[in-house]
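With chain A held as given, fit chain B onto it using these hints.
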Amino acid sequence: MSATRRSPLLSVWLLLGYTFLYAPIVILIIFSFNESKLVTVWAGFSTKWYWELFQDRQMLTAAWLSLRLALMSATAAAALGVLAGLVMARFGRFRGHNLFAGMITAPLVMPEVITGLSMLLLFVSMEKVIGWPDGRGLLTLWIAHVTFCAAFVAVVITSRLREMDESIEEAAMDLGAPPFKVFTAITLPIIMPAVAAGWLLAFTLSLDDLVISSFVAGPGATTLPMKVFSSVRLGASPKINALATIVVLFVSLCAVGAGILMFRTERQRKFEIQAAMRDTD
Amino acid sequence: MTVIGIPFIWLLLFLVFPFAIVFKISFAEMAIARPPFTELFAYAEEKLSVMLNVGNYLFLFKDKLYLSAYLSSLKMAAGATFLALLVGYPLAYGIARAHPGIRNLLLLGIVLPYWTSFLLRIYAWIGILKTNGLINNLLLKLGIIDTPLHMLHTDFAVYVGIVYAYLPFMVLPLYTNLVKLDESYLEAAADLGAKPWKTFLFVTLPLSKGGIIAGSMLVFIPAVGEFVIPALLGGPDTLMIGKVLWEEFFNNRDWPVASAVAIAMLLLLIIPMMWFHKHQTQEMVES
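So the sequences go chain by chain: A and B.
Reminder that position 194 of the first sequence reads as 194 in the working numbering, one-by-one numbering, no gaps.
Remember, the working numbering sits 1000 above the position in the second sequence when you count from 1.
In case anyone wonders, no lab produced these hints; they're calculated from the structure.
Some hints could be false.
[As the list claims (entries may be wrong)] Okay, derived cross-link-like pairs now, DSBU-like style, lysine-lysine, Cα gap no bigger than 35 Å in a straight line:
1. 1180/B x 270/A
2. 128/A x 1075/B
3. 1047/B x 128/A
4. 1024/B x 37/A
5. 1278/B x 1198/B
6. 1141/B x 48/A
7. 1180/B x 1024/B
8. 1075/B x 1198/B
Since this is a predicted model, take the numbers as computed values, not measurements.
Isolated chain A (complex conformation) (with noise of 0.2 Å):
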């Protein structure tokens, strides 16, 4: 720190900085216990908005199309991600890898319309020549849920996979384990982490995505960002302020939750390892 001392300046930035970042999401759990249905002026404390979000029936029925999507996309999203992720760090210079390191890197970038129109394209021209998928609605949105959360997993295991000692897999691989052997008892349990991590992050992204849902779900099925987003256009509702509160509420507790479990298998690992060093001592 000598050269780099820090001025004060920067510390009023930092705290102004996490301000800008927390306060919306402060007053959107304050307002949702307001006894007043505008959502700005307090009115007293009251729980009455959590009751009558419990009672609609739209919300909560979208709202579990959305849990039942985002478990079973992050599922397929990280097993896709964790495959991507190896040909990325483990695969070097094959024909083609340009091509596929693009196509990792794209949907990262890409404006979700472009991507929603071009799926719903993709859906439907299929259907008319091959008669499949038949509709739109679950199957539709499982496929590009899957699909653009598991360049996101891929990111995390790629970089995990980068750091990590290589030496450790090519020993088992000297001692004649077999591929499949060598990525389940060798370099899984060390990426676990990563795994997880890029799991809920999948399953945050599928729980949240407004945009390319809306193209491929159809009728028929309706996520719970579209429910809100077409209840928010009508106009702010107390309600939507309970539903923020819970999904804060939940996501706080899973990031809190993996980052203990990140920590303890860290440190878990590193204790073997230390353990086994001292064994071959």
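Frame of chain A; chain B shown alone:
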């Protein structure tokens, strides 16, 4: 082989192939049918006829709406990216210079909002910026203003929304870059008598170029095609191409024109995307 095969085929089929279809349908004509567009190829009496309708693209040029929507999207995305850089750079710098023990916690603080719902975080700004919203109520009570400011449903609100929603994407690459910065360079500059602002301008800033590019592209590219933010915070005269595409598709049900809009948007974004991709691969090779 299957390790390469499965993700490769999945991504080809559901990511690359769809763009070919969008390209194809951008040459179709709107029709009252299911799906609502004409076929490009017809085979009858041993003749294969191909009908390419370039009208959609000509329409994009003729109708002023599209051109100005593209221009205003680029302008707003660029402006918001610059603002996010102004806000995000000192944040990333501050975190990178913080005590190593709390760095990860500070970083988590930046990422955590991104994990909570994007839609709901944008929704939160409606209550803050409304005419009878929090900011106006506060300013009125303090006596700073007499009549409430009109902030919601303006371009200003869209700028705020983009900076707010995409700030983590700006801070993360900047942080990764700045935390690797070798402090001996800064010490050397200081020893040679450079003032702190000079050291920053001529040493730190050029060295963090990679982070600036990556962060800016991560904000700029999705912001150009943003739909949710202009739809919820923007006004009726806020022109953004993502919103135009959405309305063309859902309100006018003109799939071919929506496809042409998408292809034009892709062409516009292909250069920044390649630039970003090149930088990503470079960073990966270096690390």
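Right, here's what the structure says about each hint:
{"no.": "1", "hint": "1180/B x 270/A", "verdict": "holds, 24 Å"}
{"no.": "2", "hint": "128/A x 1075/B", "verdict": "violated, 40 Å"}
{"no.": "3", "hint": "1047/B x 128/A", "verdict": "holds, 22 Å"}
{"no.": "4", "hint": "1024/B x 37/A", "verdict": "violated, 49 Å"}
{"no.": "5", "hint": "1278/B x 1198/B", "verdict": "holds, 30 Å"}
{"no.": "6", "hint": "1141/B x 48/A", "verdict": "holds, 28 Å"}
{"no.": "7", "hint": "1180/B x 1024/B", "verdict": "violated, 46 Å"}
{"no.": "8", "hint": "1075/B x 1198/B", "verdict": "holds, 30 Å"}
Checked against the numbered hints listed earlier, the structure breaks hints 2, 4 and 7; every other hint is satisfied.
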